[in-house]
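Asks: For the record, the sequence lines run as chains A and B.
Going by the working numbering, the first residue of the first sequence is number 655, and it counts up by one from there.
Going by the working numbering, the first residue of the second sequence is number 48, and it counts up by one from there.
There could be a bad hint or two in this list.
Think about it this way: if two alpha-carbon atoms lie no more than 16 Å apart in a straight line, the pair counts; the simulated EDC-like pairs of lysine to aspartate or glutamate are [stated by the list, open to error]: (1) B/Lys258 / B/Asp125; (2) A/Lys1004 / A/Glu1048; (3) A/Lys838 / A/Glu893; (4) A/Lys723 / B/Glu234; (5) B/Lys70 / A/Asp747; (6) B/Lys259 / B/Glu71; (7) B/Lys216 / B/Asp167; (8) B/Lys70 / B/Glu90; (9) A/Lys723 / B/Asp87; (10) B/Lys70 / A/Glu1048; (11) A/Lys838 / A/Glu750; (12) A/Lys723 / B/Asp171; (13) B/Lys123 / B/Glu90; (14) A/Lys839 / A/Glu893; (15) A/Lys839 / A/Glu750.
No lab work stands behind these hints, which were simulated from the structure alone.
Computed from a predicted model, the values in this text were never measured in an experiment.
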Amino acid sequence: MWTGRFPPVMATHVSNWGNFPVVEADLRSPGGAGQMARLLADAPQAVVRGMGRSYGDASLGPYILSSLKLNKILALDADEGTVTCQAGVTLADLLEVFVPRGWFLPVSPGTKFITVGGAIAADVHGKNHHAEGSFCRHLLRMRLLLADGGEVECSRQTAPDLFETTCGGMGLTGAILDATFSLKKINTAYIREEILEARDLDHIMQLFEASTGWTYSVAWIDCLAQGKNLGRSLLMRGEHAEIPELDSKNKREAPLRLPAKRKRGVPCHLPSWILNRYSVRAFNGLYYRLNARGTRRHIVDYDTFFYPLDFLHDWNRIYGRQGFVQYQFVLPLESSREGLQTVLERIGEKGWGSFLAVLKLFGPQEGLMSFPMEGYTLALDFPVREGLLPFLDELDELVVERGGRIYLAKDARMKQETLWRGYPNTVAFVNRIERWNPDFRFRSRQSSRLGVTP
Amino acid sequence: MSTALILGARSDIAQAVAHRFAKEGFHLQLAARHADQLADAVEDFRIRHQVEAAAYPFDALSFDTHASFFDALDPKPDVVICVFGLLGDPEAARHDFELARRIIDTNFTGAASILAIVADFFADRGSGTIIGISSVAGDRGRQSNYVYGSAKAGFSAFLAGLRNRLAPKGVHVLTVKPGFVHTAMTEGMNLPGALTAEPGKVANDIYAAYKKKKNVIYTLWMWRYVMCVVRSIPEFIFKKMSM
Chain A
655 MWTGRFPPVM ATHVSNWGNF PVVEADLRSP GGAGQMARLL ADAPQAVVRG
705 MGRSYGDASL GPYILSSLKL NKILALDADE GTVTCQAGVT LADLLEVFVP
755 RGWFLPVSPG TKFITVGGAI AADVHGKNHH AEGSFCRHLL RMRLLLADGG
805 EVECSRQTAP DLFETTCGGM GLTGAILDAT FSLKKINTAY IREEILEARD
855 LDHIMQLFEA STGWTYSVAW IDCLAQGKNL GRSLLMRGEH AEIPELDSKN
905 KREAPLRLPA KRKRGVPCHL PSWILNRYSV RAFNGLYYRL NARGTRRHIV
955 DYDTFFYPLD FLHDWNRIYG RQGFVQYQFV LPLESSREGL QTVLERIGEK
1005 GWGSFLAVLK LFGPQEGLMS FPMEGYTLAL DFPVREGLLP FLDELDELVV
1055 ERGGRIYLAK DARMKQETLW RGYPNTVAFV NRIERWNPDF RFRSRQSSRL
1105 GVTP
Chain B
48 MSTALILGAR SDIAQAVAHR FAKEGFHLQL AARHADQLAD AVEDFRIRHQ
98 VEAAAYPFDA LSFDTHASFF DALDPKPDVV ICVFGLLGDP EAARHDFELA
148 RRIIDTNFTG AASILAIVAD FFADRGSGTI IGISSVAGDR GRQSNYVYGS
198 AKAGFSAFLA GLRNRLAPKG VHVLTVKPGF VHTAMTEGMN LPGALTAEPG
248 KVANDIYAAY KKKKNVIYTL WMWRYVMCVV RSIPEFIFKK MSM
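Could you put together the complete structure from these sequences and hints?
Replies: Dropping the structure here:
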């Protein structure tokens, strides 16, 4: 290959999915645990990064170790229904390999372009949280590279303290090398989906509560609808389809195979003026009217159901070069109704809502720093602009004073007190990190910003 | 089912090429100096592609072991892909002859040694494909990396000669000339995005060229034209350029 003449420039600009913030970093991609340990030994501090699909600064820092070359699938135990793979394997890889063999992910967020390591570090949730919990509930064991260069295995039985702290621990205990977790048996690659229209906030909450028997549920909410339409939304709920339920002979004959689909991309950053309150309001109104036709039932492939946005590669570019912040919070069940109304009204007044605001009812959650709690979660995108950060601080206050909290995987800007008030286990978490990562060699821009590490 | 032998199997391009061939159902023979470090990769190929995969120790610089290495392979491969190479530090290679010799021996002599053995076997059998990963750096000597470049130039010429010799025997030889690729070899270099390929793209191009029995490919494709321009600059101008 052509090399040379282009002097090694070690610092590159790195940002995660929100394109905000952007940092200068020395980014290395070790090919294995040994190389990772050597790089770690040379670095004053480090953070591990996978696909960079967290939105803010959770996996940013001056010295970044990419896990993407730790991309080996190490074992499939078909009797137990478990897979062991290295931390940099993506959910997309696993789906491609295992769906045709009748296995599905136990939990999947709204994109499949994340790594297993990232799924553990952020203890991600999906449309089945109310029924099946977050990713780490299905995690059986993992192996970590610690700050001192040692490798250690942990599970609920062996070094349970390290295991628990690493689940949702944002990479602060050490670098995850590989992990074993359970898969779910499926008979088809399709989902039996129902779409229900909800005219307002009370209605959608009723529908969620009536849908707890469904494995998957999520709602798209028109966050700019105000007055009597406040909270108008579309609930999507689904179950893995069985073979007789499939709607064509072709599908019944090859129930686990999906025809190849064309992917599209956003070729460049769009100018920021394209998204304004009028265009977004028009889009949301249109999207609602196109889909709101009573109850619709149909069979969709898993890709369309779980990852509608993955078909539009680089969709984050629609927010322009300045980037965007995804704001996701959860409120406890008791304060959800009033809290959602207050927040939605505040967003409506500002006129800064986004398309693709997502509402979901979570079930109970275990874990030290895991984001979910029993209650409603709302996720919205806000393009970065003048006045956004103070506005989000204002929303933070509304959330935290109602006992809620903000999702770390999406956070780029919250204040320290918002974390410490929202996550009651933060003190215990910091103490435990210190045990495994004594000099805070593993730290991120986020962990420093939030005062979890120096 | 066919088998592909990958020489220098630990590199990023080799891994991507192995995935590409395994995806088409090829069984894999993965040869590398530290074959023990391929254990995870072997499992990964088996699980992902449901093909047979095995690792073999192979050192490009131990020329006298090449014949016994190839003899021991069972089954014999249908496709041999020679990926190993060494860039080295181009500045140091100007003055450090030991390093220069290692660069030349890895990229040229080692490849010539093992491929001579493969070529004889394929010629006897009357079938097979040899794929050599050379480099655009071999298309014209430049001050920035002429040791590496001249070894790759030699390798390109060697492959061209093999192609000429083996064509009548039903054996195909494909020369691959990658431009910039995002790999461990180039990590940290500031590469121009439009001219830089991911290893997966290189692997796709190689597989497509193998299927179509192409002779020489550049990957990314525009490098053919970039190098056409680089080659056409008159020497009296070229020698004064900073390339």
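Asks: Hint by hint, say whether it matches the structure.
Replies: Going through the hints against the structure:
1. B/Lys258 / B/Asp125: holds, 13 Å
2. A/Lys1004 / A/Glu1048: holds, 12 Å
3. A/Lys838 / A/Glu893: Holds, because 13 Å separates the two Cα atoms, which is no more than 16 Å.
4. A/Lys723 / B/Glu234: holds, 12 Å
5. B/Lys70 / A/Asp747: With a Cα-Cα distance of about 13 Å, the restraint between B/Lys70 and A/Asp747 holds, given a limit of 16 Å.
6. B/Lys259 / B/Glu71: This hinted pair holds, its Cα atoms lying about 15 Å apart.
7. B/Lys216 / B/Asp167: holds, 11 Å
8. B/Lys70 / B/Glu90: holds, 14 Å
9. A/Lys723 / B/Asp87: Answer holds: A/Lys723 to B/Asp87 is near 12 Å, not above 16 Å.
10. B/Lys70 / A/Glu1048: Violated. B/Lys70 to A/Glu1048 sits at ~52 Å, over the 16 Å cutoff.
11. A/Lys838 / A/Glu750: holds, 14 Å
12. A/Lys723 / B/Asp171: Answer violated: A/Lys723 to B/Asp171 is near 40 Å, above 16 Å.
13. B/Lys123 / B/Glu90: Distance ~21 Å between B/Lys123 and B/Glu90 Cα, so the pair is violated.
14. A/Lys839 / A/Glu893: Given pair A/Lys839, A/Glu893 holds - Cα atoms ~13 Å apart, limit 16 Å.
15. A/Lys839 / A/Glu750: holds, 15 Å
The structure fails to meet hints 10, 12, 13 from the earlier list, while all remaining hints are met.
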